[in-house]
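Starting from the given sequences, assemble the full structure and let the hints guide the process.
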Amino acid sequence: MAKSDFEVPELTKSIELPSLKPGAMAHLKSFVAQPAHQEPLGFPGELVDNWEQKAVDKLRELLGKFRSLQVYLDACVRCGACTDKCHYFLGTGDPMNMPVARQDLLRSVYRKYFTPAGKIAPTLVGAKPMNKQMLDDWYTYFHQCSQCRRCSVFCPYGIDTAEISMAAREIMDHIGHGQKYTNEIIGKVHKIGNNLGLPGPALASTLEGLEEDVLEETGADVKFPIDVEGADILLVTPSADFFAEPHTQSLIGYAKVFHQAGMSWTLSTHATEAANFAMFIGSYDQMHKIANRIRKAARDLGVKRIVFGECGHAWRVAYSFLNTLAGPWDFLDPKYPVPQHICEVTYDLIKRGALTLDKSANDHMTLTYHDSCNVARGSRMGDMPGGQMMIPREVIKAVCGKYVDMDPNTIGEKTFCCGGGGGLLTDDLMELRVKGAMPRMQALNAVKESEGVTHMASICAICKAQFTKILPYYEFDMEAVVGVHQLVSNAIVLGTKE
Amino acid sequence: MSTLTVVFALLFYVATVILVGGLAFKIAQYWKTPAPLKIPTTPAPLTQGGAALRVMREVLLFESLFNSNKWIWLLGALFHASLALVVMRHLRYFQEPVWFWVHLVQPFGAYGGFAMVVGLFGLWYRRIGIERIRYISNPSDHLMLLLLVGIGFSGLMMRFVARTDIISVKAFFLGLMRFDWRPLPDDPFLIIHLTLVALLMVVFPFSKLLHAPGVFFSPTRNQADDARERRHVAPWAASKDAERPA
Ligand code: SF4
Ligand code: SF4
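Protein chains in written order, with this note's numbering: chain D, 1 to 498; chain E, 1 to 246.
One or more hints might be untrue.
Claimed, not checked - DSS-like, lysine-lysine: derived pairs with alpha carbons at most 25 Å apart:
no.	chain 1	residue 1	chain 2	residue 2
1	E	240	D	188
2	D	335	D	296
3	D	223	D	65
4	D	397	D	351
5	D	112	D	54
6	D	58	D	29
7	D	191	D	180
8	D	13	E	70
9	D	29	D	180
10	D	402	D	359
11	D	180	D	58
12	D	58	D	112
13	E	32	D	112
14	D	132	D	191
15	E	170	D	58
16	D	29	D	132
17	D	65	E	32
18	D	414	E	70
19	D	29	D	54
20	E	70	D	296
21	D	65	D	112
22	D	414	D	359
23	D	119	D	65
24	D	223	D	132
25	D	65	E	240
26	D	188	D	29
27	D	335	D	359
28	D	132	D	54
29	E	70	D	54
30	D	128	D	65
31	D	128	D	29
32	E	240	D	191
33	E	70	D	58
Note that these hints are calculated values from the structure, not bench results.
Structure follows, in structure tokens:
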């Protein structure tokens with residue numbers, strides 16, 4: 001087991017409801033953004049004067065801009081249906097990690113300043129002023145929400161805590177109290193072009209290296225093109241795919257699929273990042289800016305289609321928001337939806353029999369699949385509701401012989417978060433990440449014991465990065481997490497099709 | 001005309017104005033506030049018609065609640081269904097002649113009153129007895145239950161213990177509607193019942209009872225999943241298109 005100075009939850013037979021441990025996670029705060037992280041995004045460097053009032057003003061502005069926020073702050077009846085649905089509550093027992101309690105942090109301020117009831121009888125309705133204590137609680141607990149939206153599935157009004165935590169983070173950024181991890185990364189996207197800060201030349205040599213590796217291993221001359229004008233497909237993928245394991249294995253998978261199907265494709269140095277971390281801080285402006293890099297890259301290269309690689313929230317922003325933020329896409333080939341997910345492309349090819357696949361290459365594994373939150377609950381693939389659950393599974397089943405699903409209450413739209421989404425994938429929040437992964441680990445452990453599952457596939461860069469890090473805490477091998485296209489890569493038979 | 005009649009007549013006019021005006025204001029606010037991004041919780045229907053159906057399933061069957069917690073669903077459904085029945089039954093106090101289906105509802109209405117109170121006590125029990133729900137409850141959540149139980153209880157008392165002259169009650173309300181005031185019977189349970197109902201009407205637009213209109217405006221439920229097919233640009237965001245690089 002990895003060493004830790006906190007208690008790692010034990011994996012029992014089933015997920016048990018914790019008893020309430022008030023304040024259990026109050027100590028855990030991610031690093032606050034410094035001026036160097038704030039200012040490039042146009043946010044104040046540090047807490048501004050009169051921030052209490054400015055926070056309230058910002059809330060007023062957001063209430064007028066987002067129907068979700070206005071309705072969700074009013075509509076909660078405190079029925080409690082969401083209280084046992086958050087993986088962070090299940091893993092920590094801190095009552096502030098119950099979705100409704102988290103929302104109430106913002107709601108109590110809303111009540112105080114914007115509702116007659118909160119002005120007349122604050123204690124009756126739980127209205128509270130915006131003050132230092134409140135800001136501290138906001139910072140702590142809105143950064144203990146991975147914006148996974150599991151609670152929104154179960155709320156009778158579809159109240160989406162992610163929307164509320166995004167609004168709170170947007171407000172905090174605007175008064176100069178942002179989070180270092182996310183804002184630093186957004187700064188890198190603007191400055192260098194991707195989240196990891198990989199400059200163009202480094203990228204080109206990485207891709208060359210990959211070409212050599214694949215050639216050596218398979219004897220096939222699979223290309224990893226970048227900035228090729230006039231290519232048909234622009235591939236946009238998380239920057240982790242360029243250098244981190246197991247992510248790179250999936251990138252090799254995409255390249256082999258394109259190669260084998262004879263599709264012309266390219267990456268772009270100007271869009272070397274699929275991720276759009278601006279969603280985590282609820283900033284429409286930043287999201288718009290980041291999304292439009294992709295529009296520009298597609299225009300400049302003159303491509304016909306855009307395909308996204310394996311990344312969960314990137315796919316949510318791509319599927320649900322790209323058309324709105326960066327469309328219309330009338331300069332692309334209307335035959336294809338914009339954008340497409342790599343799983344859709346591969347699934348299509350498999351269905352048409354365009355790929356030769358040798359399942360036995362994955363015989364050493366028994367697979368299960370982890371639905372990523374932003375894919376399962378925030379986007380789609382294919383042309384039917386739930387396609388995003390079906391298509392990756394079909395791809396996996398086409399490339400490996402042994403596949404098992406985890407407990408149905410923990411997959412599909414009810415999937416449990418990996419514990420690291422929503423801008424929480426930072427070492428300062430390790431305790432939260434480990435504890436929040438408990439429900440997922442529990443379900444994984446169950447199929448490990450009953451069905452001999454050895455590996456869990458995923459199509460999200462954050463899930464993959466999070467799992468490699470936290471699996472050892474639960475006595476799993478860190479290599480037990482694999483990418484879907486890593487499996488495809490193993491099974492695909494290169495060369496002329498018989 | 002007795003003071004009682006005058007007071008209650010005015011009370012109900014004021015309460016009605018607050019209820020209707022307040023709700024109209026909130027609905028207009030929800031309506032006017034843009035929803036700048038497509039955020040349906042998936043898997044979501046692909047068409048607007050499908051999304052409307054989804055909302056109706058939430059309103060009529062409490063579909064999501066059923067999937068989250070069977071006890072809350074059962075008690076919540078029991079309370080809301082009986083409330084609906086009771087409200088339908090009460091329509092007869094406002095009509096002459098009474099619609100035919102309102103007649104049909106009458107015999108069930110009485111059971112509805114009991115079921116409503118049972119449902120409310122069940123919900124209240126959870127709010128007190130279950131640690132998590134106790135933690136998230138505000139005083140107003142308890143007061144709301146108290147108010148509703150008070151309405152149900154006083155109503156049942158009038159029906160089964162100290163019968164009220166309902167002919168006069170009906171005359172009073174028909175009179176109110178026609179601005180031709182008739183005396184209200186001076187009857188303790190009726191007074192309690194009507195006072196609490198007026199109070200409920202007044203707090204409705206300022207309380208969590210806004211979940212009633214809110215459920216229709218929830219973007220996670222009422223949006224169709226068609227983001228790739230259609231742009232969805234909010235008026236305040238449209239100008240940003242001009243700022244982007246060509
Ligand atoms: S399920 Fe929805 S309405 Fe119920 S307490 Fe949670 S957020 Fe509020
Ligand atoms: S969105 Fe996810 S992390 Fe946030 S409160 Fe809801 S269930 Fe918890």
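Outcome of the hint check:
For the proposed pair residue 240 of chain E and residue 188 of chain D, the alpha carbon gap of about 22 Å is at most 25 Å, so the pair holds. Restraint check for residue 335 of chain D and residue 296 of chain D: satisfied, since their Cα atoms lie roughly 21 Å apart, inside the 25 Å limit. The hinted pair formed by residue 223 of chain D and residue 65 of chain D fails the criterion: a straight-line CA distance of about 46 Å is larger than 25 Å. With a C-alpha separation of about 12 Å, the suggested pair residue 397 of chain D and residue 351 of chain D falls inside the 25 Å cut-off, and the hint holds.
At roughly 15 Å between alpha-carbon atoms, residue 112 of chain D and residue 54 of chain D fall within 25 Å of each other, so this suggested pair holds. At most 25 Å may separate the alpha-carbon atoms for a hinted pair to count; residue 58 of chain D and residue 29 of chain D meet this at roughly 23 Å. This hinted pair checks out: residue 191 of chain D and residue 180 of chain D have alpha carbons roughly 16 Å apart, not beyond 25 Å. Simply put, residue 13 of chain D and residue 70 of chain E have alpha-carbon atoms about 22 Å apart, close enough for the 25 Å limit, and the pair holds.
For the suggested pair residue 29 of chain D and residue 180 of chain D, the alpha carbons sit about 11 Å apart, so the restraint of at most 25 Å is met. Between the alpha carbons of residue 402 of chain D and residue 359 of chain D the distance comes to roughly 9 Å, so the proposed pair stays at or under 25 Å and holds. For the hint pairing residue 180 of chain D with residue 58 of chain D, the CA-to-CA distance comes to about 21 Å; that is within 25 Å, so the pair holds. For the hint linking residue 58 of chain D to residue 112 of chain D, the alpha-carbon distance of about 15 Å falls within 25 Å, and the restraint holds.
This hinted pair checks out: residue 32 of chain E and residue 112 of chain D have alpha carbons roughly 23 Å apart, not beyond 25 Å. Annotation: proposed proximity of residue 132 of chain D to residue 191 of chain D is violated, straight-line Cα distance about 33 Å (limit 25 Å). This hinted pair does not check out: residue 170 of chain E and residue 58 of chain D have alpha carbons roughly 50 Å apart, beyond 25 Å. At most 25 Å may separate the alpha-carbon atoms for a hinted pair to count; residue 29 of chain D and residue 132 of chain D meet this at roughly 15 Å.
In summary, the hint linking residue 65 of chain D to residue 32 of chain E is supported, as the alpha carbons are separated by about 10 Å, within the 25 Å threshold. Using a Cα cut-off of 25 Å, the hinted pair residue 414 of chain D and residue 70 of chain E holds, with the two alpha carbons roughly 16 Å apart. In summary, the hint linking residue 29 of chain D to residue 54 of chain D is supported, as the alpha carbons are separated by about 23 Å, within the 25 Å threshold. For a cut-off of 25 Å, the pair hint linking residue 70 of chain E to residue 296 of chain D is broken: about 50 Å separates their Cα positions.
Among the hinted pairs, residue 65 of chain D with residue 112 of chain D is consistent with the structure: their alpha-carbon atoms are about 20 Å apart, no more than 25 Å. Simply put, residue 414 of chain D and residue 359 of chain D have alpha-carbon atoms about 29 Å apart, too far for the 25 Å limit, and the pair is violated. Restraint check: the Cα-Cα separation between residue 119 of chain D and residue 65 of chain D comes to about 23 Å, which is no more than 25 Å; the hinted pair holds. For the hint pairing residue 223 of chain D with residue 132 of chain D, the CA-to-CA distance comes to about 55 Å; that exceeds 25 Å, so the pair is violated.
Of the pairs offered as hints, the one joining residue 65 of chain D and residue 240 of chain E holds, with about 14 Å between alpha carbons and a cut-off of 25 Å not exceeded. For the suggested pair residue 188 of chain D and residue 29 of chain D, the alpha carbons sit about 23 Å apart, so the restraint of at most 25 Å is met. Taken as a hint, the residue 335 of chain D and residue 359 of chain D pair is broken in the structure, with Cα atoms around 31 Å apart against an allowance of 25 Å. With a CA separation close to 13 Å, the supplied pair residue 132 of chain D and residue 54 of chain D stays within the 25 Å bound.
Note on residue 70 of chain E and residue 54 of chain D: the hinted pairing is violated, with a Cα-Cα distance of about 43 Å set against a maximum of 25 Å. A threshold of 25 Å between alpha carbons decides the hint, and for residue 128 of chain D with residue 65 of chain D the separation of about 23 Å falls inside it, so the pair holds. Annotation: proposed proximity of residue 128 of chain D to residue 29 of chain D holds, straight-line Cα distance about 22 Å (limit 25 Å). A distance of roughly 21 Å separates the Cα atoms of residue 240 of chain E and residue 191 of chain D; the hinted pair therefore holds under the 25 Å criterion.
Of the supplied pair hints, the one linking residue 70 of chain E and residue 58 of chain D is violated, its CA atoms being roughly 39 Å apart against a limit of 25 Å.
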